[in-house]
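Peer 1: The lines below spell out each chain.
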Amino acid sequence: MTPEEPRRPDPDALLAATRAGQGRLKVFLGMSPGVGKTYEMLRAARRRKAEGGDVVVGVVETHGRKETQSLLRGLDVMPRKPIEYRGRALMEFDLDAALARKPELLLVDEYAHSNAPGSRHPKRWQDVEELLAAGIDVWTTLNVQHLESLLEVVWKITGVRQRETVPDSALSRADEIELIDITPSELRERMAEGKVYMKDTARVAADRFFKVENLTALRELALRRAAQTVDDQLIGAMKRAGVEGPWAAGERILVLVGPDPMASALVRAGRRLSDMMMDAPWTVANVERPNATAPSAGDAQRLRDAMKLATQLGGQTVTLTGDDLVASVIDFARRNNVTQIVVGRRERRGLRLRRDLIGALLQEAGGAALHVITESAETPAPELRTRPSLRDLPWRGHLGAFGTVAVAASVAWLIDQYVESANLAMVFMLSVLVSGIAFGLWPAVLAAGASAVAYNFFFLEPKLTMRIGHPADVLTFAVFFAVALTTGWLTGRVRDQARSTSRRASAIAAVLAATRRLSGSTGAEEAARALAEQLAAATGARAIVLGPYDGDLKIMAATPALTTLPPGDMAAARWCWEKGEATGHGTGTMPMAAWTFRPLQGVKTRSGVVGVEPSAIATEEGERFVSALLDQGAVALERAEFATVAAGAEALRRTDQLRSALLNSVSHDLRTPLSTVLGAATTVIDYGDSISKEVRDDLMISIREEAERLNRYVGNLLDVTRLEGGGLNIRNDWVDVRDVLVAAAERVSRRLGKRHIQRDFPNELALVRLDPNLLEQAVVNILENAIAYSPDDTAIELAAYEDRNNIVISIEDEGKGIPTAELARVFEKFHRMQEPSDRNERGKGVGLGLSISKGFIEAMGGRIAAASPIHGDRGTRVLISLPKAPRAPESPA
Amino acid sequence: MSRYPKILVIDDEPQIHRFLRAALEAAGFEPLRAETGAEGLREIARAAPAAVVLDLGLPDMDGKSVLTRAREFYQDPIIILSARDRETEKIEALDLGANDYVEKPFGVGELLARLRAALRQRSHAAKPPPPIIRASGLVIDFPRRLVTRANQPVHLSPKEYDLLAKLAQNAGKVMQHRELLLSVWGPAHVEDTQYLRVFIGQLRQKIEPDPSQPRLIVTEPGVGYRFMADEAEP
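Protein chains in written order, with numbering that gives the first Met the number 0: chain A, 0 to 892; chain P, 0 to 233.
This is chain A alone, in the form it adopts within the complex (with noise of 0.2 Å):
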């Protein structure tokens, strides 16, 4: 693997991406029942039908939900096919009928449904599975608790076991993920009131399943598998691009094993590891030497067991080989992303080869974190290492040269008797080659010369001198002597080339890793702090970051921490700072600094300042890395600035729409019934006697609703300053909710016209204590939004009724109702929307009405929501709920 060659496309990824003629799979992901997965697909399904595409919903499961069920009018739904089973039909989703029909796109519900015996497939994802192969689009919904990988999760959080699942392979072949995702409290609040359908007899098992932490928990689990997919997605990406990993993604953990007892308390260190990073994906890795002897049968059956062992802890298992298994692991590693390795270390019986492994690993495995389990170790906790500097004393290799040396010349004594002399030369040019391999290029010619003195001192006559009796010993020892000299050499000079091309691409790999970091840091802290740290770490010593802050040079980051530095070094580092030039120790400019500190040169500005110590590490490779390592971290620090001034503008661009709004508002709502009441009152001073009294009359009433209109909004942007400047006086009160809404319905019945409010109260209702006056004029609001926004002769739902915690008020119309789009906004301050479908109401609105629902149903510690359509694609309903015992502290569920 060397680095100048351009990577290819990874040969399986470009398999993958031309998966030709097969249909596209979507799911639609929640985290429970209730979360409106079903409700979801079906209306993006009427989008999709609505722009001319073929779709057909293959089965549907609404559970008696109004909603969904109006839903899934206008749309083609297949008929079921019955199947019996135990004399009872079953109504099944009809597999044949379906492909016979071939649409574009079919709506599958509930993934994970477990099919009636005697269906072609036992399960419904193995009929989606011959749907996309027949080039069928699906789309399917799936709760991820019945993720087969999932189960014992699940099972942990819950305490219930799951019957129906699916394997995860269904799900990572989806083509799109799509989250359906809402707070536990809210999928509580919509049990609560009655919107997620259950059976009686499985309330109690759901009220223990529902629990907030477990829906908190499982929420999680959707949300990370989501965006596994993504990463899973963005992976295949960047393999069929050629995009050399590791990429910032997920956490992607391998265990390396090999035939050994270690192999299946590896693979469940890795399962625990995989479970720490809430079930991140593992890969369980069978590393095998191509040319190791093979191993014991016993060793054998354990590696294939432990293989096994992965497999049914939900891990992926794969073999690897090659001449070079380091290299074979790193580019694996690389390619898939993997940023935790797990690998084994065997105390005793140490297989040195193994140590290498380890500690290759440590030099070339970049961005990934290595986990070393010891054999000793009872449950080894998997022990993060950081790399650590494993640079030889440069003495070691010398002692250890003289050592190796002496070996020889101990053996070389045993055997002296049985050998001829020459022959001994053999065993210290073995030394040589050892010191060579073992310590490098200057050990190496060290034990070249002291084999040759021990050569000749131990075993040329005369012995125990130094002298040389033999001629012929002198050209022997003269011949041994050159060759040693030059197998030292070589052999110390490809091992030392080796290390400092190993070095490199470690220094690559780092490079890589920092560029990554600096570039996800979403802020100049971040940055500053991720460069602090990287320079540390390529250095060996301490590192600090500068930035500008007013007018002077602050601290922005220093590994490790740091909050002041002496008043020299400051002296240099704002001199740095002010001429852009390295100043410090080392230079020519305030050599006495402790520090070096070197201008961060963006590409517009200079965004700071680093120092680093003077490092025991001075090497061409350190100082290149340590240079692009300042490029990358100025061109971060530069960006996260531009970052921040850009959020500054456009909070105040935020700020300025408001007000311009306002004004907006102020000049259109407040001069528009001011004409008709100037313009009704002149008439009649000017024309009175002209006039009929029925027009007289009839102007004198436009001029009293017209100052009505005034007089409401003058209240409603009192009431919107007063929410926003704090000054909301609540009186609490025990009240009938049931009082309040016949107020707030009288309040309104002026202004009804052709409409009219079909009130559905039940006959007991408890009292709440809340303040009745903002709750009138938060339901007057929504009422005459209702009004402004329905046609004639229409009802206006106006209902209350309670539920174990809530009193829970609905207000529904029979409206165009509110565009998805503008659905989350309607209680922002000042949204209008485009049209009331009353012309007489066009311009009433102000965009505030029900922005003060919002804010007083708040600020009684209640909550509001809006949900359009309910009727087919008509309706709006707004709920509040309002709880009953308020300001109890909330409890435990």
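In case anyone wonders, no lab produced these hints; they're calculated from the structure.
Please note: incorrect hints may appear among the correct ones.
Unchecked claim - Distance ranges between label pairs, derived from CB positions:
id : chain 1 : residue 1 : chain 2 : residue 2 : range
1  : P       : Gly108    : A       : Val644    : 35 to 45 Å
2  : P       : Asp61     : A       : Asp95     : 29 to 39 Å
3  : P       : Arg143    : A       : Glu693    : 27 to 37 Å
4  : A       : Leu651    : P       : Arg133    : 52 to 62 Å
5  : A       : Lys753    : P       : Pro4      : 49 to 59 Å
6  : A       : Ala706    : P       : Arg214    : 46 to 56 Å
As the list claims (entries may be wrong) - Calculated from the model, a selection of chain A residues having no Cβ within reach of chain P, i.e. all distances over 10 Å:
id : residue
7  : Gly52
8  : Ala593
9  : Ala679
10 : Ser689
Stated by the list, open to error - Under 8 Å between C-beta atoms, here's a sample of chain A residues computed to sit facing chain P:
id : residue
11 : Leu673
12 : Ser674
13 : Thr682
Even glycine gets a Cβ: it sits at the ideal position worked out from N, Cα and C.
Chain A is already provided as a structure; the job is to place chain P on it using the hints.
Peer 2: This is chain P only, laid out in the frame that chain A set:
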């Protein structure tokens, strides 16, 4: 066909129609009603009203584009309803061919006066301008280039006279700064509104009964000036 002049009101506010209908009928017009720009253009083409009252804030299209399109086939007066704080909008509308504007909120009397002035102007346009204009005791005798107040001759410089003549010949109508500058000082000075301020001030000193409360030459802030002649003239 009714013998009353038809006035088309284009406004999306039903409340405005409500009182304008009453006022227009009482003032001897036949009111017509349109609530959108498209509807308004159709009505103009169909009913050929004597004048149009157009609100610039319409739901379906910009009032100014209604104006532009109406002017392609309709030459009778169009009076704009506009908000006070929209000077540029007013000027644009006048440039696009509106005859006059009324600021919201407005009194019915004001609107009807503008309407009558515009209609009168329309009928004058066909005939040569009247040789003599009277306004609150001021008499302008165009053939003799003679201006008298309370039967006393008023001495005006040539530029002052030109300015007064331009305003008086368009009595009742707002004259934009540019129009006045162009006609009196020529195209090189259309931006020099300070000339206008000075000369209008001098004119007022000479012709207004009370120069501190001008009634003959009324300032239309941000737009121009308007000469108020006696209305009684047939």
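Peer 1: Look at each hint and say if it fits the structure.
Peer 2: Results of checking the hints against the structure:
| no. | hint | verdict |
| --- | --- | --- |
| 1 | P:Gly108 / A:Val644: 35 to 45 Å | violated (55 Å) |
| 2 | P:Asp61 / A:Asp95: 29 to 39 Å | violated (58 Å) |
| 3 | P:Arg143 / A:Glu693: 27 to 37 Å | violated (54 Å) |
| 4 | A:Leu651 / P:Arg133: 52 to 62 Å | holds (58 Å) |
| 5 | A:Lys753 / P:Pro4: 49 to 59 Å | violated (35 Å) |
| 6 | A:Ala706 / P:Arg214: 46 to 56 Å | violated (32 Å) |
| 7 | Gly52 | holds (31 Å) |
| 8 | Ala593 | holds (65 Å) |
| 9 | Ala679 | violated (4 Å) |
| 10 | Ser689 | violated (4 Å) |
| 11 | Leu673 | holds (4 Å) |
| 12 | Ser674 | holds (4 Å) |
| 13 | Thr682 | holds (4 Å) |
Violated hints, in rising order: 1, 2, 3, 5, 6, 9 and 10; the structure is consistent with all others.
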